[in-house]
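Please model the entire structure based on the sequences and the hints provided.
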Amino acid sequence: MKRYARFILALFLPTLLLGWMTALPVSADEVTLNIYNWGEYLSYDDEECYDVLKEFEKYYEETYGRSIKINYSEFDSNESLYAKIKNGVSGYDVIIPSDYMIARLIDENLLEKLNYENIPNYQYIDDAFKGLYYDPNNEYTVPYTYGRVGIIYNSEMVDKTDVNGTWDLLWNENYRDKILQFNNSRDAFGTAMYKLKLDVNTTDESAWQQAKEELIAQKPILKSFVMDEVFGEMMNGDAAIAAYYAGDYLYMYEDNDALCFYYPEEGSNLFVDAMCVPKGCQNKEAAEIFINFMLSRDAAIANAECTYYASPNSLVYNDPEYAEYMNSIHEDAMDILYPEDFDFHGQYDKYCFKNLDRDTLNMVNGLWEDVKLSDSIGISVYVLCILVIVVIVVMVVRHTVVWKRRSKYYD
Amino acid sequence: MKRRSLLQRFAAAPHIAWSVLFIIIPLLFIIYYTFTDASGGFTLENLSTIASPEYLMIFLRSVMFSILATVICLLIGYPLAYRIASMKPRTQRIAIVLVMLPMWLNFLIRTYCLKILLNDQGIINTFLGNFGIEPLKLLNTSGAVIFAMVYNYLPYMILPIYTVISKMDQNLLTAAADLGCNRFQTLTKVVLPLSFSGIMSGVTMVFVPSISTFYISDAMGGRTFSLIGDTIERQFKEADNYNVGSALSLVLMILIIISMSIMNKYSDDDGGVVV
Amino acid sequence: MKKVSNIYTALCFLILYAPVAVMILFSFNSSDSIFSFDGFSLQWYKSILNGGEAVDTLINSLVLAALSAVISTVVGTAAAIGIFHMKHKWIKNATMQVTNIPMMNPDIVTGISMMLLFITVGTLIKANILGFGTILIAHITFSLPYVILSVMPKLRQLDPNLTEAALDLGCTPMQAFLKVELPAILPGIISGMIMAFTLSLDDFVISYFTTGASFKTFPTYIYSLVKKPFKPNIYALSSIMTVAVLVLLIISNVISARGESSGKPAKVKKQRRTRKEAQE
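Chains as they are written, first to last, in the numbering used here: chain G, 1 to 411; chain X, 412 to 686; chain D, 687 to 966.
It is worth saying that the hints were derived from the structure and are not from the lab. Among the hints, a few may not be true.
Derived DSS-like pairs: lysine-lysine, alpha-carbon spacing no greater than 30 Å straight-line [what the hints assert, rightly or not]:
1) Lys689/D x Lys600/X
2) Lys732/D x Lys917/D
3) Lys689/D x Lys578/X
4) Lys160/G x Lys914/D
5) Lys130/G x Lys212/G
6) Lys600/X x Lys688/D
7) Lys69/G x Lys86/G
8) Lys54/G x Lys914/D
9) Lys197/G x Lys212/G
Following this line, the structure appears as structure tokens:
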């Protein structure tokens with residue numbers, strides 16, 4: 001028996017050793033922080049930029065004497081974030097969802113209350129962004145960015161006379177196969193509902209049905225449903241028209257100055273994205289320290305200058321160098337992001353997405369599924385395929401017949 | 412029968428335990444989710460949902476796309492495999508290495524490069540533009556999806572067919588020629604039937620991944636039409652409907668098991684090689 | 687006729703390599719665009735030397751692949767031996783059927799079924815278990831059948847009399863296994879291991895569903911990248927990998943052409959082995 005044991009040990013020991021070395025690269029002393037954020041929404045992993053994550057690791061080690069390791073990953077829609085978080089054991093420590101999703105997460109008891117004593121920099125957040133509907137008592141969230149959805153178009157491909165400042169541009173048949181639509185239910189339905197002047201937070205099924213019909217009608221002229229793929233498509237001139245967030249427009253404009261932007265006059269979604277700590281967080285205090293760090297001057301400005309989204313942080317929007325930098329990207333950048341005498345509170349109540357109740361949500365998900373499933377490819381593939389199937393069947397039948405005849409002959 | 416040693420008797424035990432834990436039980440989970448609703452009660456609603464015309468259309472479309480991709484792979488791959496097998500041994504080896512090499516490149520990157528080639532301002536359209544040809548709509552079409560399937564899975568078709576053909580007894584070909592077959596007859600009456608097992612394993616290896624792919628249809632189809640793979644992925648990652656997603660997976664699995672057993676019926680028991 | 691078939695072969699390879707050529711071309715791009723080529727530069731190759739997330743996740747993937755290859759080879763080889771010596775035909779068949787499931791099942795179904803298991807277990811014990819451990823388990827699971835299927839034929843070819851002889855000559859069963867059987871099935875084990883390694887390195891779908899907050903593999907990292915404007919450094923990294931694989935394949939071919947045997951990639955080796963068998 002001893003020999004067997006030795007053999008098995010000889011095989012397993014190196015494996016176990018290797019496994020131990022890789023599975024536990026973290027010494028007991030080290031803290032890890034798992035952060036889940038939108039794509040292209042933080043200043044990091046770029047040699048020219050201030051790397052917020054690396055700077056935080058440095059800062060944490062200097063201040064608290066323990067090393068910290070950050071695992072940073074990205075999602076591309078609030079819905080896909082929800083799919084990961086909803087079990088309450090996702091392992092993420094800091095997430096940055098949008099307002100309506102925060103309301104839903106709080107509603108389903110998936111967020112931790114924050115200890116604002118660990119987030120002194122919260123004082124720099126503009127009061128207009130405190131006490132919003134999703135977190136009326138300021139218990140769960142720290143605003144990160146805000147912005148509005150607008151329409152981006154390529155002035156070299158779109159005729160000036162077609163641009164009339166409304167949502168109609170997204171439904172303009174002249175630009176067949178050049179139009180991009182959101183690939184998430186809430187934003188996509190938003191475009192149709194604003195166009196039809198419907199309430200985006202209604203529980204009335206007929207309104208959603210109407211919006212669905214509008215989206216299905218748009219489908220044949222769409223190039224594709226996109227989220228962050230919009231960057232490549234628009235920057236490269238593969239698509240001409242897209243609805244997307246204002247900050248991302250500036251990012252695209254930096255690369256392709258033929259791109260123009262406007263806020264549709266029927267209105268468009270106004271959103272706030274905020275940092276929260278989900279249930280099941282491993283190290284709440286470190287998470288709060290990270291949130292606080294994100295609000296500190298250098299990190300906040302670096303993020304604002306990298307993502308181009310409007311910041312609710314007074315350290316950022318009052319900074320003259322920041323304004324100068326933004327205006328060097330686009331001469332109207334500050335006006336696009338921070339419109340003058342902009343009544344945030346009044347506008348926000350009018351144009352924000354709110355959390356929908358469970359039944360409405362299920363209905364909207366079902367309608368979105370209908371939009372995705374509706375057909376828009378031609379018949380030619382089916383004809384071709386049926387032909388192929390017929391040929392295969394004929395060959396099989398012929399083969400079987402010949403084979404049977406032959407075996408009869410040999411008998 | 413001879414007494415088995417201790418090692419022989421218990422060697423498979425860890426594997427069997429592993430299989431039960433990580434193959435059987437997970438499949439039971441899929442079945443469980445298929446027959447329950449969000450609150451955990453028994454229901455057949457998920458199955459009736461996916462029996463609706465919309466979902467049946469998705470299934471039909473996926474089956475058709477993958478049949479076309481498989482047939483095109485066969486039409487392109489068979490002559491290529493045949494050609495490679497008739498090369499000099501040294502060139503053969505190099506050719507097979509060349510067939511395999513793109514497979515070592517991450518398939519997401521491969522598909523992304525295809526996208527760059529085919530896009531409206533992509534390399535092909537820019538090239539055509541030099542001759543004054545208007546940009547063609549190459550990307551976000553069903554053709555693009557099928558092309559990407561063919562491109563990604565072609566090596567899976569070539570390798571098994573090549574193996575079988577190169578294994579073939581050359582004397583048979585000589586005999587066929589001696590008995591008065593011309594080259595075409597030799598090909599259809601001798602080589603083709605003898606390489607049937609290779610064709611079958613190639614067909615399986617192209618068909619299964621193409622019917623279940625979700626990244627290819629996402630990237631090359633522009634998400635304006637769905638295939639079964641991306642519909643399943645959407646249920647789990649976005650629509651938050653595990654039950655319908657599981658039902659779709661279960662049906663897909665059964666569909667594949669059925670088509671595999673049909674194909675196995677027509678192929679030899681020693682189904683070529685496994686790549 | 688010959689000319690036509692040569693043109694055909696060349697055309698096939700042209701299409702097969704067009705995307706690879708695109709990738710290599712853009713890895714030398716002097717701007718950070720992956721759409722338009724603006725001039726030649728080596729900056730993306732230099733940037734790899736500085737590390738960054740791309741390199742980190744690639745290392746993650748390599749470690750994961752190595753570990754899952756070793757474990758699945760050990761478990762799989764033992765399983766092949768065990769299954770081969772099973773007495774009851776139906777147990778043997780049933781085991782083989784179950785073993786084949788991950789190979790027959792579409793990746794997406796395997797990935798989802800495991801995700802459901804891991805999530806349920808995680809909710810039960812109220813802890814996040816998605817991460818390195820779960821990916822490793824998933825990778826071992828889908829590698830096992832490939833290892834077993836490449837060891838099995840070697841066991842069948844094995845002459846049982848050799849083991850008998852070893853036992854008669856005073857070997858213990860263990861010694862007989864180590865000295866007679868193991869060397870004979872070693873090629874199968876090695877090719878199974880290499881296959882497990884490459885499968886794991888290349889896998890995206892199953893990792894995508896079983897990964898968690900704390901661990902990213904190279905393919906899942908690329909998936910998060912291809913959705914947004916990424917930089918040509920990924921192309922540079924992939925070009926290096928492609929060239930490295932090409933060099934390895936060529937070296938192993940040159941060595942084997944000289945009649946020596948060494949660790950060759952499984953696929954080539956398999957082809958060659960079958961051909962050799964045909965010649966004999």
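Hint by hint, here is what the structure shows:
Using a Cα cut-off of 30 Å, the hinted pair Lys689/D and Lys600/X holds, with the two alpha carbons roughly 24 Å apart. For the proposed pair Lys732/D and Lys917/D, the alpha carbon gap of about 13 Å is at most 30 Å, so the pair holds. For the suggested pair Lys689/D and Lys578/X, the alpha carbons sit about 25 Å apart, so the restraint of at most 30 Å is met. A distance of roughly 29 Å separates the Cα atoms of Lys160/G and Lys914/D; the hinted pair therefore holds under the 30 Å criterion.
For the hint pairing Lys130/G with Lys212/G, the CA-to-CA distance comes to about 34 Å; that exceeds 30 Å, so the pair is violated. Taking the CA atoms of Lys600/X and Lys688/D, the gap is about 21 Å. The hint holds against a cut of 30 Å. For a cut-off of 30 Å, the pair hint linking Lys69/G to Lys86/G stands: about 25 Å separates their Cα positions. At most 30 Å may separate the alpha-carbon atoms for a hinted pair to count; Lys54/G and Lys914/D meet this at roughly 22 Å.
Proximity of Lys197/G to Lys212/G is assessed by CA-CA distance (about 14 Å); at most 30 Å being required, the pair is judged to hold.
Of the numbered hints given earlier, the model fails hint 5 alone.
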